[in-house]
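If you read the protein sequences in the order shown, they are chains A and B.
Anchor point for the first sequence: position 156 equals 156 in the numbering used here, and the numbering is continuous, going up by one each time.
Anchor point for the second sequence: position 96 equals 96 in the numbering used here, and the numbering is continuous, going up by one each time.
Calculated from the structure, these hints are not laboratory results.
Hints should not be assumed to be uniformly reliable.
DEER-style ranges, computed between Cβ atoms [claimed, not checked]: (1) A:R198 to B:L207: 37 to 45 angstroms; (2) B:F23 to A:D134: 28 to 36 angstroms; (3) B:S72 to A:W72: 53 to 61 angstroms.
C-beta atoms are modelled at their ideal positions from N, C-alpha and C, and glycine is treated no differently.
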Amino acid sequence: MFEFPSFLHIPLAEVVDVVITWLLVHWAGFFDVVSSTVLYSLMNIERFFLWLPWFVVVGLVGAFAWWTIRRWWGVVILAGFLVVIGSFGYWEETMMTLAIIVVSVIISLSVGIPAGIVMTRSDRVQSVIKPALDAMQTMPSFVYLIPALMFFGLGKVPAVFATVIYAMPPVIRLTNVGIRQVSTDVVEAARAFGSSGRQVLFEVQLPLAIPSIMVGINQTTMMALAMVVIASMIGARGLGLEVLKSINRIEVGRGVEAGLCIVLMAIIIDRISYAIAARQDYTVKTKFQSRKKGN
Amino acid sequence: MANNATSGNGEITVAVSGLWKVFGPNADEIINSERRTATKQYLLEQTNCVMAVRDASFEVRRGEIFVIMGLSGSGKSTLIRCLLRLIEPTLGKIIINGEDICGYDDEQLMELRRHTTGMVFQYFGLFPHRNVLDNVAYGLKVRGMSKEERYVRAREVIDMVGLNGWEDYYPATLSGGMQQRVGIARALAIDPDILLMDEPFSGLDPLIRRQMQDQLIELQAQVQKTILFVTHDLDEALKLGSHIAIMKDGDIIQIGTPEEVIVSPGDAYVQKFVQDASAAKVVTANFIMEQPNILLYEWEGPKAAMHMLMTAKITHAFLVARGNRYLGLVTLERLVELFRSKGRSLKEALQTNVPTCTPDTVIEDLLPLAVSTEFPIPVVDDNGKLLGEIHNSTIILSLIQEKGAEEEEVVMNGETAIEDRGSGLDV
């Protein structure tokens, strides 16, 4: 009886379609360049991971675990997880997934940290970027898998881009928060001694925001891992594809194995990157604690 | 301005004229309208603007300590920040070393802050991620000085403020007083002409505050900077300032030497301030009392007591029971009598007619007591416990302090009394 009036139609879908088509026609060259650059680095990183003998990777993870966690059981558990992954027969897929994560995280950080810094420069910029970040995180990921597909074709590159879009918000947010949390007294003092804007940023704000930024990097990495699984739907090989295949074939056992590999990988990456983040925070404290003891 | 003989060589280093700072929308409009003379409260209600500094004008001469004093919200911190344009003034002239810095571009302003001025903050504003050495060297680093050079200079200044040995510590591990010394060292490291100090000692506890004030005076004798010092504490202003500007609700209501401010307060507001600060009405027994040299305990024998008094070359002492409960006074004279008459207990020689006071008694009320007795006045708390004694000379000294002279000496006495109290009587 009371239907929504049809004249109130907002033609957003049409607009988006037109814009995408326009971009595809006029920016094709640009997307090709981006696509081939990303693909080139991704392939090289992937080749490198696959070239590394498995025991070297296990050893590296063990060494990393020792360096960051400083517990022998930490080393055994994390390195053991990697051995379990290998024993399921998913070593190659895991390395492929890892390569996509590494590239996605590198892109996310190199865009996200500067974006976070820009956000701190003015409240107006912040009020524009914030809803954009919310949209990036809440929009169902399939929605931007489609345009990524259209711009970059099937394969790994659109997977990387979908992952970047999904994984970047945390590091932007936490860079912004970290810098904004730096006490105004300290910033004022830096200004009073004639620091330029750049000096305030690099001498005071960023160093003091590092603990927060490290947490952002940890979260970005974890979200990249989550997204990589979904991104396999547009043709990125790796663990995600194995899960997808086993769903299609209703092979519960294989699905569990592949899924478990993803979980183990997530735990390894999370523990190590979290330990690095916590360490950053910790060094400031321990440095003076140890000095105090020494005196 | 009078009385510049002792401080400053007369050359004007900082001259501020017609300086306004209004926070909020339409600041210019307010300054150009009749409402510029309206009260702060009225402006806030009517226009949503805060009149932080209204038409401030003053001159600071080279080598003097110019104190800006006012309660919180009087605009004093805004004023000192305007001088460096950490807060942009709305209108007015700020002449530093002959140049109007309001016309400076960003580059010139940075140069001014790097070479001419140094600032010390109430909450220290130290860099928590740098150790003491790097904190002190920060101003030099910003200038682009090499690491070796700036460390040499930083160590010099760290030495000057008495923090050598603490170079590698991080600010969070230092006490408030030490942190502020780092703050002062950081400002001195760049060897500025002008030192701006925004309530530097307000965050410290009273004992440390006085100590820091004394050290600032000593330091100033060495370095001879032009200092602008913001405080809300009249005693501090009187102690440090060669000139004092008193601010209220954004207006400077009086500028003068400490003597002028005390003797002829500019208006009722200043009068009230000065009156409140009157030592006789404010300073309590607790503050000026001293630790007695000798205490006699009721269980001691007359001979031992006589021996103690004679070795200490004093003629009387207070007698206390267990837990330092005050009993009364015993004189050497009475002790000798007691000894001759073979008395056993010191209580027989007790004199209980000595007037006593409580820790809360103010000097004004101590005066009649002091006149009525030849002995020190014992300070006894509500539980009858003896806390200390007050000599007539101490009372007189603290009254001289009120007149603006000799204040340091009394302050010192006060300090020792407080310190002793912690360690002494409760054994």
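Each hint tested on the structure:
1. Taking 37 to 45 angstroms as the suggested C-beta distance range, the pair A:R198 and B:L207 conforms, at roughly 42 angstroms.
2. The given range of 28 to 36 angstroms is respected by B:F23 and A:D134, whose C-beta atoms sit roughly 33 angstroms from each other.
3. Distance hint for B:S72 and A:W72: a CB-CB separation of about 57 angstroms, consistent with the stated range 53 to 61 angstroms.
The structure agrees with every numbered hint stated previously.
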